[in-house]
Amino acid sequence: MPVPLSQSYGKQRSPHRKGEFRVLITRTIGLWPRKVFVQWMLRNPSTATGYTFQIYRAGSSNGPWSSVATDLLDTYYFLDDAFSAAEDRSTAGLFSLRRSIYYKIVVTHATDGPAEVIKEVEAGVDRRRAGIIRKLRRDAHVALKKGSGTEMAVFKRRWWGEPCPRCLSATKQSTRSHCEVCYGTGIDTGYWNPVYGYATRSSTPVETATTTEGETKIHPVQIKMEYIPEVEPKDILVFLRDNKRYVINRVLTTEIHTQTVHQELEVSELAHSSAAFHLVADRWHSEPWF
Amino acid sequence: MGGIIEVNKGYRNNALPRLAEGESPDVFPGSPLAVVGLFVFALRARFQDTNESPLPWVWEETLSPLADEDGFPLPDGSPRKMQIESMYNVSNPERNYRPAIYIGRGGGSVTADKVSVDNRVGLHIPTGFTAYHCYATMPVMFECEAETSGESSAIAETAWAYVLSSRDILRRNFGFHEVTEPVLGDTDPSERDKEVWVTRVQFQVQYDMRWGVTPIAPKLRDLAIRLSKDVGGEDFYRNLAVRSLSGE
Numbered sequence: 057m058p059v060p061l062s063q064s065y066g067k068q069r070s071p072h073r074k075g076e077f078r079v080l081i082t083r084t085i086g087l088w089p090r091k092v093f094v095q096w097m098l099r100n101p102s103t104a105t106g107y108t109f110q111i112y113r114a115g116s117s118n119g120p121w122s123s124v125a126t127d128l129l130d131t132y133y134f135l136d137d138a139f140s141a142a143e144d145r146s147t148a149g150l151f152s153l154r155r156s157i158y159y160k161i162v163v164t165h166a167t168d169g170p171a172e173v174i175k176e177v178e179a180g181v182d183r184r185r186a187g188i189i190r191k192l193r194r195d196a197h198v199a200l201k202k203g204s205g206t207e208m209a210v211f212k213r214r215w216w217g218e219p220c221p222r223c224l225s226a227t228k229q230s231t232r233s234h235c236e237v238c239y240g241t242g243i244d245t246g247y248w249n250p251v252y253g254y255a256t257r258s259s260t261p262v263e264t265a266t267t268t269e270g271e272t273k274i275h276p277v278q279i280k281m282e283y284i285p286e287v288e289p290k291d292i293l294v295f296l297r298d299n300k301r302y303v304i305n306r307v308l309t310t311e312i313h314t315q316t317v318h319q320e321l322e323v324s325e326l327a328h329s330s331a332a333f334h335l336v337a338d339r340w341h342s343e344p345w346f
Numbered sequence: 030m031g032g033i034i035e036v037n038k039g040y041r042n043n044a045l046p047r048l049a050e051g052e053s054p055d056v057f058p059g060s061p062l063a064v065v066g067l068f069v070f071a072l073r074a075r076f077q078d079t080n081e082s083p084l085p086w087v088w089e090e091t092l093s094p095l096a097d098e099d100g101f102p103l104p105d106g107s108p109r110k111m112q113i114e115s116m117y118n119v120s121n122p123e124r125n126y127r128p129a130i131y132i133g134r135g136g137g138s139v140t141a142d143k144v145s146v147d148n149r150v151g152l153h154i155p156t157g158f159t160a161y162h163c164y165a166t167m168p169v170m171f172e173c174e175a176e177t178s179g180e181s182s183a184i185a186e187t188a189w190a191y192v193l194s195s196r197d198i199l200r201r202n203f204g205f206h207e208v209t210e211p212v213l214g215d216t217d218p219s220e221r222d223k224e225v226w227v228t229r230v231q232f233q234v235q236y237d238m239r240w241g242v243t244p245i246a247p248k249l250r251d252l253a254i255r256l257s258k259d260v261g262g263e264d265f266y267r268n269l270a271v272r273s274l275s276g277e
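As given, the protein sequences belong to chains A and B, one line each in that order.
Those letters in the first sequence? Residues 57 to 346, by my numbering.
Those letters in the second sequence? Residues 30 to 277, by my numbering.
Keep in mind that the hints were calculated from the coordinates and are not lab data.
C-beta: ideal position from N, C-alpha, C; glycine also.
Honestly, I wouldn't trust all of these hints.
Some chain B residues near chain A, calculated using beta-carbon distances under 7 Å [stated by the list, open to error]: (1) 108; (2) 109; (3) 116; (4) 168; (5) 172; (6) 176; (7) 177; (8) 179; (9) 186; (10) 196.
Please construct the entire structure, taking both the sequences and the accompanying hints into account.
Now the structure itself:
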């Protein structure tokens, strides 16, 4: 029997499919500038009730996660309104034009589970288009992993969190760009956990500019990477093979129905004196990669 | 600084006056390069870790990072090495190093300010030796670079306060006629390999310039002989001009 399709998001019937117990986030939509609506559903539950959900939030798909709601019993949506005003950096704000926020939902039950799922705040599409987008994303992943790409890590910069305990001045400004705690961001730990993936970079010449103080080397590079994690300017990219590090200046997303398929970046190679070289991303300090 | 130039000695040896043996033959006391070098030296002394009030930055002979056994920088609280360098060392490869202070004239001009008629201050009649004097006014600029605006501002404030509070000492010890009160500029972003913040500290120094001119008899006689050999002397001047045009 063919699966009925719907052109409107969230209206299609969910066909029963045998499989493992799991949880799916079906909708994450920003209600700018103060709230985010999150909705989820269960697949293959054994009973109708008794499911407990924990909601977490982070700025990267690899965490670390902070809890925003605990022990929601048989609830299938959550309105996250714990967003701060523009001047408050203690918690996430929704005022940036390009800010990735990830939600993780963990479900526990007496007999099922546990299960968890992670999803970014992004528009949803209907099932048919979701399939097309999934195919394109997979193609991009395979092309980068098996073809032109090489191993890299993304350090998403923290824009909210606990203030740096060491270097922050009374005006909430970092006075040490090489602080070992915040790396000049003013936020404790500075960057989210690295997300590993594949990317390809263009081969461009190093530009030598003569400024008043002498010769300065600048190396602009174009990079293509997968759709996740969605990066934003000032995030750090590390190519693990040669340990070259780049700061992101511009992000160009390729979108289908408002959903990102892959990302094209304009980045600049960081000088070797940069604080970003203190971030640990190599095979000796993280999970085996090569 | 200009006050300790040994004018006579330098002149007689047909060389620039020297402050001490072993100095660069191209830099003499009172030259802009020497003034820049002086402030490079002074700032390095300020940021050395031998000071009683430790700073988060330290200047050392080498910029090689301090490292523990794993090759990673020393942990919490270790001061960050800072580069303090003249802007004239354009061939140095460390220009992408931050934090740093670069010292130069900042695009300003050195002016010679007249204080007497035609700068003359004396004449020795038997030899014809004429002594001259003026004040040279030179702008000095520190470019304080860092990866964050707060750090750039904090470094510049330290340098600014250092010059402000030690103006008298600088004048007394280095022969400056005047060291003006420094101006602490705004902190501006600048695009290098990444966004770098630059704060400028600017001030002016004024110092004595003294020199002398002694007519040398053999050279004057030689000129007179050459002029007399040519008819009326007119061809001599014309040849000088035409030769440069005809490529002879």
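For each hint, the structure was consulted:
no.: 1; hint: 108; result: violated, 10 Å
no.: 2; hint: 109; result: holds, 5 Å
no.: 3; hint: 116; result: holds, 5 Å
no.: 4; hint: 168; result: violated, 13 Å
no.: 5; hint: 172; result: holds, 6 Å
no.: 6; hint: 176; result: holds, 4 Å
no.: 7; hint: 177; result: holds, 4 Å
no.: 8; hint: 179; result: holds, 4 Å
no.: 9; hint: 186; result: violated, 10 Å
no.: 10; hint: 196; result: violated, 25 Å
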